[in-house]
Structure formats: C-alpha cells, structure tokens
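Let chain Y serve as the given structure and place chains A and L on it in line with the hints.
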Amino acid sequence: MDYAAYFFIQVVYAIASLALISVGLAVIYGMMRVINFAHGEFLMLGGYAVILPVQAGFNLWISMLIIAPLSVGLFGIVVERLIIRPLYGRVIDTVLATWGLSLLLIGLTSATLGYYQEGSKPPLGSLAIGAYRESGYTFFVIGITFAVMTALYLGLKRTRFGLLARGTMQNPAMAAGLGVNTGRIYAATFGLGAALSGLAGAVLAPISGVVPVIGATYIAKAFITVISGGATALAGTMSAAVVLGTVNQAVTFMTTPVVGEVALLVAAIILLRLLPSGITGRLFRGSV
Amino acid sequence: MAINRRHALAATAATIAAGVFPRSGFGQANTIKIGTIVDTSGPLQPFGVQKLQCLQLAVEEINIAGGLLGRQLELVTYDGQSSDQSYAQFAQQIALRDRVAVVHAGLQSSSREVIRPILRRANTLYFYNTPYEGGVCDRNTFCTGTTPGQLLANLLPYMINKFGKRIYVLAADYNFGQLSERWTRKIAQENGAEVIASDFFPLDVNQFGPTIGKIQAAKPSFIINTFVGPGHAAFYGQWAGAGMKKEIPIASQTFGEAGEQLRMPPELSEGIFVCYNYFEEIDRPANVAFLERFRKKFGNNYGYVSDLGMSEYVGIQIWAEAVKKANSVDREAVIKAIESGVAFNGPGGMIVSDPRTHHFVFDMHLAEMKNRRFEILQSFERVQPTNPSGVCDLIANPTTNQQFEPKL
Amino acid sequence: MTIWREHAPVAVVAVVGIVVLIGLPQVVELFTLVDVAVYCILAILALSLSFVWGFAGILSFGQSAFFGLGGYAYALAVINLGESTLPIIAGILVPMSFAAVLGYVMIYGRVSDVYFAVITLTVSLILYHLINSTSGPDYVFGRARLGGHNGIPGIPPINVPGDLQHQLDHVETFQISLAVLLLVYVGLHATLSSRFGRVLIAIRGNELRAELLGYDSRRYKLIAFVVGAGIAGLAGVLFASWGSFIGPSVFGIAFAAQIIIWVLVGGLGTLGGAVLGTMLIQSLVSWLGRNPAAATALGFGTIDTNLVLGLVLILFVLLIPQGLLPTMRRLVLERRQPSA
Numbered sequence: 000m001d002y003a004a005y006f007f008i009q010v011v012y013a014i015a016s017l018a019l020i021s022v023g024l025a026v027i028y029g030m031m032r033v034i035n036f037a038h039g040e041f042l043m044l045g046g047y048a049v050i051l052p053v054q055a056g057f058n059l060w061i062s063m064l065i066i067a068p069l070s071v072g073l074f075g076i077v078v079e080r081l082i083i084r085p086l087y088g089r090v091i092d093t094v095l096a097t098w099g100l101s102l103l104l105i106g107l108t109s110a111t112l113g114y115y116q117e118g119s120k121p122p123l124g125s126l127a128i129g130a131y132r133e134s135g136y137t138f139f140v141i142g143i144t145f146a147v148m149t150a151l152y153l154g155l156k157r158t159r160f161g162l163l164a165r166g167t168m169q170n171p172a173m174a175a176g177l178g179v180n181t182g183r184i185y186a187a188t189f190g191l192g193a194a195l196s197g198l199a200g201a202v203l204a205p206i207s208g209v210v211p212v213i214g215a216t217y218i219a220k221a222f223i224t225v226i227s228g229g230a231t232a233l234a235g236t237m238s239a240a241v242v243l244g245t246v247n248q249a250v251t252f253m254t255t256p257v258v259g260e261v262a263l264l265v266a267a268i269i270l271l272r273l274l275p276s277g278i279t280g281r282l283f284r285g286s287v
Numbered sequence: 000m001a002i003n004r005r006h007a008l009a010a011t012a013a014t015i016a017a018g019v020f021p022r023s024g025f026g027q028a029n030t031i032k033i034g035t036i037v038d039t040s041g042p043l044q045p046f047g048v049q050k051l052q053c054l055q056l057a058v059e060e061i062n063i064a065g066g067l068l069g070r071q072l073e074l075v076t077y078d079g080q081s082s083d084q085s086y087a088q089f090a091q092q093i094a095l096r097d098r099v100a101v102v103h104a105g106l107q108s109s110s111r112e113v114i115r116p117i118l119r120r121a122n123t124l125y126f127y128n129t130p131y132e133g134g135v136c137d138r139n140t141f142c143t144g145t146t147p148g149q150l151l152a153n154l155l156p157y158m159i160n161k162f163g164k165r166i167y168v169l170a171a172d173y174n175f176g177q178l179s180e181r182w183t184r185k186i187a188q189e190n191g192a193e194v195i196a197s198d199f200f201p202l203d204v205n206q207f208g209p210t211i212g213k214i215q216a217a218k219p220s221f222i223i224n225t226f227v228g229p230g231h232a233a234f235y236g237q238w239a240g241a242g243m244k245k246e247i248p249i250a251s252q253t254f255g256e257a258g259e260q261l262r263m264p265p266e267l268s269e270g271i272f273v274c275y276n277y278f279e280e281i282d283r284p285a286n287v288a289f290l291e292r293f294r295k296k297f298g299n300n301y302g303y304v305s306d307l308g309m310s311e312y313v314g315i316q317i318w319a320e321a322v323k324k325a326n327s328v329d330r331e332a333v334i335k336a337i338e339s340g341v342a343f344n345g346p347g348g349m350i351v352s353d354p355r356t357h358h359f360v361f362d363m364h365l366a367e368m369k370n371r372r373f374e375i376l377q378s379f380e381r382v383q384p385t386n387p388s389g390v391c392d393l394i395a396n397p398t399t400n401q402q403f404e405p406k407l
Numbered sequence: 000m001t002i003w004r005e006h007a008p009v010a011v012v013a014v015v016g017i018v019v020l021i022g023l024p025q026v027v028e029l030f031t032l033v034d035v036a037v038y039c040i041l042a043i044l045a046l047s048l049s050f051v052w053g054f055a056g057i058l059s060f061g062q063s064a065f066f067g068l069g070g071y072a073y074a075l076a077v078i079n080l081g082e083s084t085l086p087i088i089a090g091i092l093v094p095m096s097f098a099a100v101l102g103y104v105m106i107y108g109r110v111s112d113v114y115f116a117v118i119t120l121t122v123s124l125i126l127y128h129l130i131n132s133t134s135g136p137d138y139v140f141g142r143a144r145l146g147g148h149n150g151i152p153g154i155p156p157i158n159v160p161g162d163l164q165h166q167l168d169h170v171e172t173f174q175i176s177l178a179v180l181l182l183v184y185v186g187l188h189a190t191l192s193s194r195f196g197r198v199l200i201a202i203r204g205n206e207l208r209a210e211l212l213g214y215d216s217r218r219y220k221l222i223a224f225v226v227g228a229g230i231a232g233l234a235g236v237l238f239a240s241w242g243s244f245i246g247p248s249v250f251g252i253a254f255a256a257q258i259i260i261w262v263l264v265g266g267l268g269t270l271g272g273a274v275l276g277t278m279l280i281q282s283l284v285s286w287l288g289r290n291p292a293a294a295t296a297l298g299f300g301t302i303d304t305n306l307v308l309g310l311v312l313i314l315f316v317l318l319i320p321q322g323l324l325p326t327m328r329r330l331v332l333e334r335r336q337p338s339a
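Quick note, the sequences are listed as chains Y, A and L, same order. Numbered per numbering that gives the first Met the number 0, the first sequence finishes at 287, counting up by one with no gaps. Numbered per numbering that gives the first Met the number 0, the second sequence finishes at 407, counting up by one with no gaps. Numbered per numbering that gives the first Met the number 0, the third sequence finishes at 339, counting up by one with no gaps.
Next up, chain Y with everything else stripped away, as it sits in the complex (with noise of 0.2 Å):
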C-alpha cells in the first residue's frame, strides 16, 4: 500500500518534470512555429542561474523563482532579436542556428565554468510515506508545475498580452493590420518562453546538478513531448507529459531506468502515427 502510494507519487512526478521542461519549448513552438535547439542550453543556464547565485551568498528560494526566470527570459529576448528575428519563415536555418547556438553555450560553459559540478542536497526535507521516505522537494516540484500551468493559462487567457499574443500566432498580418506590433510580441514571447525554461533547469538543478551538457538530457524529451502534444501549447504539453511520464515511469519502476525511457520513446512513435499533427491536432483544440 505504502509502495503503491510512493509509485503514484513518482509518476505524478515524472509528469510534472516532463511537462515542466517542455512548456517553454512548447509556448516557442506553439506561439511562434520555432523550434528552438538551444532549449536544453536555457534549462543549463537556468540551473547555473541558481546554483552561482547561492554560492555566492543569495537566498535559494528567489535565485530559483526570480533570478533565473529574469535572466534566462532576457537572455531570450536578445536571442530573439539577434538570431531568430532574421531568420523568420526560415524553418530548417532557424534550426541550424539555434543548433549552432546550443553548441556555442556549452562551449561557453564548459570553458569557463567547466565539469566541476556542484552536488547539493534538495531542501525542504523529506517525508514519511508508510514506510517509505520521499524527498519534500518532489512535491515542490509538483506543486510549482501546477502553478506556472496555471498562471500561463489564465495569462494567455485572460491577460491581454495574451490576448495580443495568439491574435499574432493566429494572423499576424491581420494583427499588424490592427495595429499591434508584432515585432514585439514576437519578442515578448520568445522571452516568456526561455524565462519559463529557465525557470524549469532552476527548479530543476538542486535534484540533478548542473553540468554544461545537461542540456542534452532534456532536449530530447522535451522537443518529443511538444511536438507529441501538437501546436496547443499549454493543452499540448500536458496530455503529452500524462501519456508519456506515465509510461516512462511506470516501466521503469517494473524494470530499468533504460527500458522505461525506450517505452517512452515508443509511446511517442505510437502517439505521432495515430495522432500525426499530436494530440491537439484531434483533441482539444481550440483551447490554449
């Protein structure tokens, strides 16, 4: 019973992560039809964002919740203005160059920062499940996937940038015409995009340490997860991390750690041949 418990715990887990480290890829690509490379690099830069800020004596709770979304989300805005803005419509080189730009980061990192990782222990302590002891740190992670959704959802809903924000994506032409400056909308939206990846790689560095590759480990599930989910962003993002963390953890927990990512990578492959534009390209669409 005890172990049941801790297992819906993990799996809740595996989707709130996965869901966290897609959503900024996911509002790029579903807002503006980026795909952005370079994601996994704004997750790295995230967790650098927190870890140097408390080495050097700042308060954990606001490197991770303000430093890091503030700095990555304008690190953003002048990727965008420098590398994406004048490579728009331009698919396959907007890949290359934030490809290239993903490349360059962690050359960066590796050569000024280096391999020398910081471990550290999560804070908030750990519970009791039954007979099982459970990091409190996970439920934070739950907790605050639970809030950015929220918080994204009724932004774009109800805010009017949101509002402006999926005008554009909808018809940009029609939104200049309105008057509305793309230019900056598009800006505006490739920034929130990197603050929430940036967010996502701080919230994440305390449990997986930062290294200038770590990058690598999350741009695969993230980029199949968006891309899984389909053009929604918000809608996208969590019915494809419900479908494939679910998988993922549940076959890991009755096998291996390898096992339970290749199941993940099939359910993917499954997903896209049923569903070839994602899961919003069928189901709920119309919604944000």
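Think of the hints as simulated: they come from the structure by calculation, not from any bench. Note that the Cβ used here is the ideal one computed from N, Cα and C, for glycine as well. Treat the hints with caution; some may be incorrect.
To be verified - Facing chain L, according to a computed beta carbon distance under 7 Å, are these residues of chain A, among others:
id: 1; residue: ASP78
id: 2; residue: GLN80
id: 3; residue: GLN91
id: 4; residue: GLN92
id: 5; residue: ARG96
id: 6; residue: SER109
id: 7; residue: PRO116
id: 8; residue: ASN174
id: 9; residue: GLU374
id: 10; residue: ILE375
id: 11; residue: PHE379
id: 12; residue: GLU380
id: 13; residue: GLN383
id: 14; residue: ASN386
Relative to chain Y, chains A and L alone:
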C-alpha cells in the same frame, strides 16, 4: 593569480606557435618523447585535467633531476575530447608520426580498448594508468591502476563484517560497472554474503527516484556503487534529500576520484566508504612533499588529487625506473626490465611490478568520509592485482592478447 | 552542350579524385592518410543525407542510425565469419531493410516533414538506449559481444575478398575510402540526372504537383530513403573497418546533428557541398584536439570543440545561409561573366 595568467599566456602562445608551425618528426634533438591522450575537454574533463597535471609534474620532476639517460623528457599531448573516435585518430598519429618512446593514455575503458590494439600493432609501449575492471593481458601494455581484486577484495569484507550480508549493487552500465558487479558477486559469495539486487545505470541517468524506492523496499545491509560521471553524482543529493543518509550505508568504488566531495555539502558525502591506493590524506613524508610540489606548480585552486591522477604520476615514474634499469628506452628492453622487477616508492606507498600480469602490487587503504576528508581506517600491504582464474601469465605466454573476466 | 556543362564538374572531380588517390600516399605521411580516410568515410555519410534531404526533401535525423547499423552489422558479422565480403554486404543490407520498414510506415502513412524528422530522431535515440545497455556478457551475437556503452573493439578490417591474410593497411584503407566516395558521388550525380532523379527533385519542389502529374511520390521517396540508408550503412562499414571500433555514440543526438551541420555548411542541395562541409569541419575538430592550447596552461577550460562549431554554425546561417559551395560557385560565376 598574476603568475598563473602570465604562465598561461606564455604557454598558450608557445602552444599555438607549435601548432601553427609544423612539428618535425624528431622534435628537438635528443629529447625522449612521451605521448599522452587524456580528456581535457568534454564531460570527462575533471578526470582528464587532473591526470594531465600529474603527468606534467612527473615529467618536470624528472627533467629537473637531470632527465633520463642524460636526455630531457618531452610530453606530446592530445585531448581525447571525451570521444573514442578522437582517441583512435590520435593514437594512430602517435604511432605513425610522433616517434614516442611510450604512451600514457586513456581514461574510460572504452578508450583503452580502442587504442591498445593500435599501439600493439605499432610496437609502441603503452601504459594505462586508470583503475579499471581488471583482466587485461597484453605484453605491450602495463596497467598501473587498481583492479577489483585489490579494491573490492578489501572493501567488501570490511562492509560485510560491519553491516551485514545483504548487498545492493548500483553500477554504471558499461564494462567497468558490469565486470565490477561480477566481481562483487564473486567476492560476496566467498565471504558468505549475497547480492540481493543489481541495478545498472547508463552514464547520463540522473533521476534516481524509482531506484531509491526500490532500495527501500529491498532493505539491504549496505549499498556498493560504481557510479561514474556527472549524472550519477546527482544520486547522493537525491539520496540525502529523501532522508536516507542515516538509514543505509554506502560504499563506493569511485567516489572522490574527481574531488566531488569538495563541491557538495559535507552531509552528502558523510560516511561513504572507499578503498584506494592513494589519498591526499595519507600521512607520509613522501605524500606531504608531493602535495607541496603539486600546489606550487598548479596553485591552490587545483581541486583534489585522487588515485586517478596519482596513477599517471606513478606510471611515468615507474616507467622511468625501468628505463634506468634497462639503460635504454627501447621497448623490448624496458619490458624485460619491468618483468625482472621494478619498484617505486610513491606518495601513497610502495609500488612493485607483477611480471606475469603486467600489473602492479599496491598498498591499499580503506577510508571513510568524515566532514569532507577521508579518514583512513585500515591499510593493507602488498595487495596482488586481479588475475582472473590465474590465467594471465605473460612470461610463459608472451603472445597473449585479451582481457580476462571473472568466472562465477 | 548542356550535357557537357552539367557533367563537366563531376568529371573534373572524378579525375582529380583519381589523381589524389594514387598520388597522395606518395606525398604525405601515413598518419595524414589515416585522417583523410576517415574524412572521406564521413563525407560518404554526409552525401547520403545530402541526397535524402537536399534532393528528395526528406529531413532525416536517422542517417547516423543507418551508419551505426551498418557498422554494427559489419562488426558482428566479421567477428563471427572471419572473412569480410559477406559482412560488408550485411552492413549495407541491414540498414536498408530497416529503412524500408521504417520508411514504409512513415512515408505511406503520410507523416509530414517535421514529424518525420522527429520520428527518425526518436528511432535513433531508441537504438542508442538499447545498444547502450547491452554491456553485460549475455548480449552476444555468436562470438561477438555487443559491448554496450563500450562498443565493439578489435574489429577485423576489411580484407581482399578471398584472401584473409591481406587485410587493408593504412594506404589501402585510404584508397578504398576515397574510391568509394568518388563512386558514390558520381553514382548519385548520375542518379539525379536520370529520370528517377528528375522526378525526385520535382517531388521535393512540389509534391502535390508531382502527384497530379501522375507520379506516386511515396514510391520515389521510399526508394530514395532506402538508397540513402544503404549509402550510410556502407559508410558505417568502412568506419568500423577504419578504426577497428564501433560504439553506441554513433546513434546519439550529437552525431546526428553533426551530419546536418556538415551538409548545411557545405551547402544543401549540392553533392559537393556535403563533402566540402565534412572535410572542413572534421579537420577543424581534429585540429582542436591536437592543440589543446589552453589546457596545459590554465589547468582547465580548453577551446572546446562545441564553442567553435557553434560559432561557425551561427555565423554560417546568418551570413552564408546557402552554404559554402553554392556561395563559392556564385562568386566564381559572377567573376567569369562580364557584368551584363
């Protein structure tokens, strides 16, 4: 700081110049060239850099003392870039162009197995200076790293006696982890204990939630791990985060070799048991002197010297001893010299060659981590290297060329 | 006249290639030949992607997977059989069969471009995870251990068919690699000039229009995909023979991306560009490994290859998006023609 930067600029300029202008095949006349490939970039960087530094220190010490056979030593360095393809290319280059007397190279077992045949075919002497899974039996190769027979055979009985007979193995999923797990099962059997479960993790796995749950369900007496690489280091944080530190003790074949204990809160590493042939914390005059020389050359920001780096230092020194004994750098002469018995009094203890296996006999030390320092609990003198089933005998069968594995 | 102008560059390349093949071993040192050989092998892999992507319009992240399958198939076969002729054929047929099945499911399932790329990437990753975890002693194929993360070392190189004693030495490895590269290059060029090739290019240009003209685009794309897989597999065989080694990293995302970078830097839509891009980038990476400039001095933090590659890629996309070869061609042509 200023010294370092000046040093850095000068060295960079010199190296760039050397790279731009073609190197002649013989270099400066009359130097003895030593080829080396270690990973100074990529995820294996913390290990590779430490190894390179120890190599450089050893070469420098010998040169200051007058060199070898009246000639200075010259280190020809390549960066393995944490990639086996790079190792293959550079080993070929060393073998075909650089006319080196010996090669000290390799970190991961996979890189060793790529270059070992290349160097053997080119008749270039090869030293592999990294603790590994044991069993390499190749006349052209000498292994100065510890083997499971030296490490596990002393660590496991201690853990079994102290904590109990139910063992949970967490292994890195490649040949080092796989073979170490086999050794663990063998040694457990011999000591009346049992491996109740073995989990294997590819090197990039960094989420251990399900595993921690499984361990709790299995209720082992202790855990032994062969965790390698940045992903696995995350285990210790997650383990402590789940409040497991006081519950189940941990022994490790690899912890501390990149000085990771200095980069995590003390409570994460507290109480981990290891067994190596070298620790910085060993209190011997030779070690104190070595560390002084190391700090003087590389500054105080160097991290931690573990048996990984020390093996390179020892590798060079013991090769030098053999060269002096043979009075030549010729491969055949050096091999015969080592086989006739050479010894070196290293910072960690005495190192003696084992002629039949081309491995070495070490003093091993068992330690427990206390507040980020290894406290040495026991020492074992003259521990023989692993020789699975006693099969490897390069004196009787010099043409042997394979890696033997333990039979259970 | 047009035929001559179209084929002249290829003929020139072929002739130059043959000259290099015979002449280079006389001129350079042995280890340079070893390097050039692997660049040729990787260029063959790049050609496979250039063909499938630049001309058939299929962005495949799976060429590295076919490369790996070819290498592994060769390795497992030659360790068991000893003689290398059948293993070479295995190394080509295994990836082609795999591509046939995968391609059929995707192309006939009308999976669109982005998703095709994602699925080929996913399949590569699945193979990576699977092979990466075959470290234990139970994972054997006959006498050959799959080796997991450590890969398969000690692979016997290709031998002259029938003559087991005569395995390829360094010079011969170089010559065979270059010869295969030339053959693939000329072969692909001929294919693209043929009727099949024309239809393929038409499909890439506008699939709907080609279909309306009566061509079954699925069949053409599938054939192109399978042929591309075979070429990649052949490159894998040569690679395994060159280094006597193959490992799961060839199935990884980093390697898959590198091939794309080579093709893009050289110029998508040209065959020569793929070769050029590969040679340049690989030489750069090797040069960086040979000159770990900062490492000795600073103790850590070298000029990481990622840094240089990333910079190169960004600059190329922003400044030379066509890639090197088309840009060079354009410069040469503009200079030749008098300003009209």
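Hint check:
{"no.": "1", "hint": "ASP78", "in the structure": "holds (4 Å)"}
{"no.": "2", "hint": "GLN80", "in the structure": "holds (5 Å)"}
{"no.": "3", "hint": "GLN91", "in the structure": "holds (5 Å)"}
{"no.": "4", "hint": "GLN92", "in the structure": "holds (4 Å)"}
{"no.": "5", "hint": "ARG96", "in the structure": "holds (5 Å)"}
{"no.": "6", "hint": "SER109", "in the structure": "holds (4 Å)"}
{"no.": "7", "hint": "PRO116", "in the structure": "holds (6 Å)"}
{"no.": "8", "hint": "ASN174", "in the structure": "holds (5 Å)"}
{"no.": "9", "hint": "GLU374", "in the structure": "violated (28 Å)"}
{"no.": "10", "hint": "ILE375", "in the structure": "violated (27 Å)"}
{"no.": "11", "hint": "PHE379", "in the structure": "violated (29 Å)"}
{"no.": "12", "hint": "GLU380", "in the structure": "violated (33 Å)"}
{"no.": "13", "hint": "GLN383", "in the structure": "violated (24 Å)"}
{"no.": "14", "hint": "ASN386", "in the structure": "violated (19 Å)"}
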